[in-house]
Amino acid sequence: MKNFLISLVAIAALWLIPYFAANVAVLKLLIAVIIPYAAVVIFLVGFIYKVIDWSKSAVPFRIPTTAGQQKSLPWIKANNIDNPFTKMGVIIRMLLEVLAFRSLFRNTTMSVSETEHGKRLAYKTEIFLWIGAMAFHYCFLVVVLRHLRFFLDPVPACVQLVEFFDGLMRVEFFSSVFSIGLPGIMMSGLILLAAAIFLLGRRLFNAKVKYISLMADYFPLQLIIAIAISGIFMRHFFKVDLTAVKQLSMGLATFSPVIPTNVGSIFYIHIFLVSMLVMYIPFSKLMHMAGVFLSPTRNLTADTRMNRHINPWNHDVKTHNYDEYEDEFREVMKNAGLRVEKE
Amino acid sequence: MKPDELFRTEHQPPETEWTETPAEIKKGYYCYASNPKSVEHLDLPHARAWNPLEEDWKLPENWQEIFLNGFRERLTKFRTLKIFMDICVRCGACADKCHFFIGTGDPKNMPVLRAELLRSIYRNDFTTAGKLLGKLGGGRKLTVKVLKELWYYLFQCSECRRCSVYCPYGIDTAEITMLGRELMNLIGLNIDWIATPIANCYRTGNHLGLEPHAITDAMEFFTEDIEDIVGYDCKPAVFEEKADILFITPSGDLFADPGTFTAMGYLMLFEYLKREYDLKVTWSTYASEGGNFGLFTSNEVMKRLNAKMYAEAKRLGVKWILGGECGHMWRVINQYMTTMNGPANFLEEPVNPITGTKFENARANKMVHITEFTADLIKNNKLKLDPSRNDNVRMTFHDSCNPSRGMGLLEEPRYVIKSVCNHFYEMPANTIREHTFCCGGGSGLNAGECEELRMAGGLPRANAVKYVNEKYGVNTLGTICAIDRAVLTETMNYWVPGVEVAGIHELVGNALIMPDEKKRTKNLRMEPLPGMEEEESNE
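Each protein sequence line maps, in turn, to chains A and B. Quick note on the working numbering: the first sequence kicks off at 342 and runs consecutively. Quick note on the working numbering: the second sequence kicks off at 927 and runs consecutively.
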């Protein structure tokens, strides 16, 4: 709980900084231009540094987790996806891992029950973490893709297509007091918010997950929730001037930024929080987005008996050779009727 | 403790945060410190007498420096370590996958938290965020307390890899435990149930420290029993030059029941193949250990012990090597051996001379698993079998951790079992194959003093056996691992009394119709064969 609260205070501070700063001209420049540029630079440098740092570490042994039948005798059906012995198998395994979270899909939950014969353990499929994770990641992707419209002119057809499908479900309510549905509701934003709240809820209400959660687990979730809320506010409640926003974002994309005069503080909050997230990625667990591709238990062929894997630092070691063995045991060997090399 | 008391229903973590909950080293849950002589025998660092229960572990003066330098070195030598330290999101999918967590209810046995013990040190000393934020960033200074806690839980992990099957990033706690134990080894914190076997293995060729004559004595004992059963001597060849195949199996099977029955099965199979097909299989007392407790010590010790296999095959001039039923042995052979001690170009690509089958999957490593070999023989009708001799057996099969999650040897043993035994029932799907549960005593945790830990850790496996025991009357748990045979025998007595543990080649030995055999009335356990109870009592 402490970790959750400290992180929440940090998020509140990050929300309030741009809220106040948006009233000061020079700080507008900082939040709308300088910090976003800095965030992108930190992200790129940090991300690339981290990946290079990982790749510089050796892969001495080939230790895939084998989760299926090995390739052995010709009449036994081998599982080339869960126990890949070809590069193609590895590619499919990785694609399923990255695109469909295959390992997480296997998740089960254990329970203890009292039966007439005594206590028993049971395991059930636990799909909600997988559903939450899939919804979260795919909606995040759609939201990122949709935002490309702010940086590309003309807006590419594929982005428009994503938007079309994202907005397909119409949720509309119009009255003189309250109205929603114009501009159209984008499902991805709402589902992203719901999924993030679900994942955060697990950390608060599932005792085991709560016990293992660090500030570094609450912070990114709360930050993403804050970003989603600010985005939804901007689109549906405060109705920011989109032309002005696009003018700024295109300016950023073409390295000739102009500060718009007529966008409210909610926009500054949004762009500031996004900058924080982007900056935070290389220093955090969010690097799993790159790390999963480098995980040696998933991205290698399980063919070490077929093809020798080379360890770049395969040190020589001291061994106990046969001659030393025979020297020690020659007499007992002879007495036991065993052949010796030296009489 | 009675089984019902040990069966924990409570898996709720305590109120205090884990970083603030000190670990208490409990009797029954830790292993004794290593005998300094064993550590010295292999010239491993900081040999000394120490006791985990005492306040002072007699650590070397600069132990923090040694530990952190060792950590730094391993971060560049093992990409696994660096990635696994960096990318865990603590989703908790692994939490209830660990048999030790299910059995002990201790939250620090959740794989994620076991790794966090090491990760907190990593964050504190090797990451920017950790250095800036300290405790808030989840970092912990490497203090004596932190070290003791880490040691305690590194030796409550059996390196079974079950958690890594469910991890969305493939984070493998076995790898973290292995490297964590390497760091412990650097400051002399070994356990005796590992250190003494490796010292034995280095000197005598096997973990048990059996000297050459002790091995031949054991063989003699087996061949006498077999003679009693089939009517003739099945004396194995030892150190036979230019034999076709060198056979290596864990020494545990030469020493204690029920592994000895598996060893008798091997002897009968080899005698059968010699008589029928003139196949020459040799044993060695120099390379008389299939297992490799070096895997539980450090990659260096693993390599030192493993080197004997290729060395002996080369000296004897055999064509290739056949390996017996053993769990972690096959992790080493399958995923490490060729890399460490290969290339084995002095051996031939393994071909079964009887069936002509090329074991292409072992073409670089030159080592074939005995169930691959036997399955191939049976498939090609090269063995005469009478499965009804095992009709008293109602069998289920326990996939050993390493052959399933470090190899994928799933169908071969099942094919052999179904060929030699008429009654076979699988345990529930989420407890077998890649989902299999550890016996509770893997990775060197079969010491007498940590029995309670082992019984708790064996519960998930026992619970699944109990299910098929009640549903199908299963009375035999088959396994292809010597540690399993030792551990599960005890575990079954405790949790599911009445279920015996058997190696697969014990059943093969029973079913095998030996050439010119006398009328068989007894199985390898000297019990009457089904239908022969009367003749046995008349004898």
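Since the hints were made in silico from the structure, they are not lab data. Treat the hints with care, as some may be off.
Derived DSS-like pairs: lysine-lysine, alpha-carbon spacing no greater than 30 Å straight-line [said to hold, decoys possible]: (1) B:Lys1057 / B:Lys1071; (2) B:Lys1305 / A:Lys549; (3) A:Lys659 / B:Lys1200; (4) A:Lys626 / B:Lys1240; (5) A:Lys626 / B:Lys1003; (6) B:Lys1161 / B:Lys1061; (7) B:Lys1308 / B:Lys1344; (8) B:Lys984 / A:Lys659; (9) A:Lys428 / A:Lys397; (10) B:Lys928 / A:Lys549; (11) A:Lys397 / B:Lys1003; (12) B:Lys1305 / A:Lys551; (13) B:Lys1240 / B:Lys1308; (14) A:Lys391 / B:Lys1308; (15) B:Lys1308 / A:Lys460.
Hint check:
{"no.": "1", "hint": "B:Lys1057 / B:Lys1071", "in the structure": "holds (20 Å)"}
{"no.": "2", "hint": "B:Lys1305 / A:Lys549", "in the structure": "violated (48 Å)"}
{"no.": "3", "hint": "A:Lys659 / B:Lys1200", "in the structure": "violated (37 Å)"}
{"no.": "4", "hint": "A:Lys626 / B:Lys1240", "in the structure": "violated (48 Å)"}
{"no.": "5", "hint": "A:Lys626 / B:Lys1003", "in the structure": "holds (22 Å)"}
{"no.": "6", "hint": "B:Lys1161 / B:Lys1061", "in the structure": "violated (65 Å)"}
{"no.": "7", "hint": "B:Lys1308 / B:Lys1344", "in the structure": "holds (16 Å)"}
{"no.": "8", "hint": "B:Lys984 / A:Lys659", "in the structure": "holds (28 Å)"}
{"no.": "9", "hint": "A:Lys428 / A:Lys397", "in the structure": "holds (22 Å)"}
{"no.": "10", "hint": "B:Lys928 / A:Lys549", "in the structure": "holds (27 Å)"}
{"no.": "11", "hint": "A:Lys397 / B:Lys1003", "in the structure": "holds (9 Å)"}
{"no.": "12", "hint": "B:Lys1305 / A:Lys551", "in the structure": "violated (53 Å)"}
{"no.": "13", "hint": "B:Lys1240 / B:Lys1308", "in the structure": "holds (29 Å)"}
{"no.": "14", "hint": "A:Lys391 / B:Lys1308", "in the structure": "violated (56 Å)"}
{"no.": "15", "hint": "B:Lys1308 / A:Lys460", "in the structure": "violated (47 Å)"}
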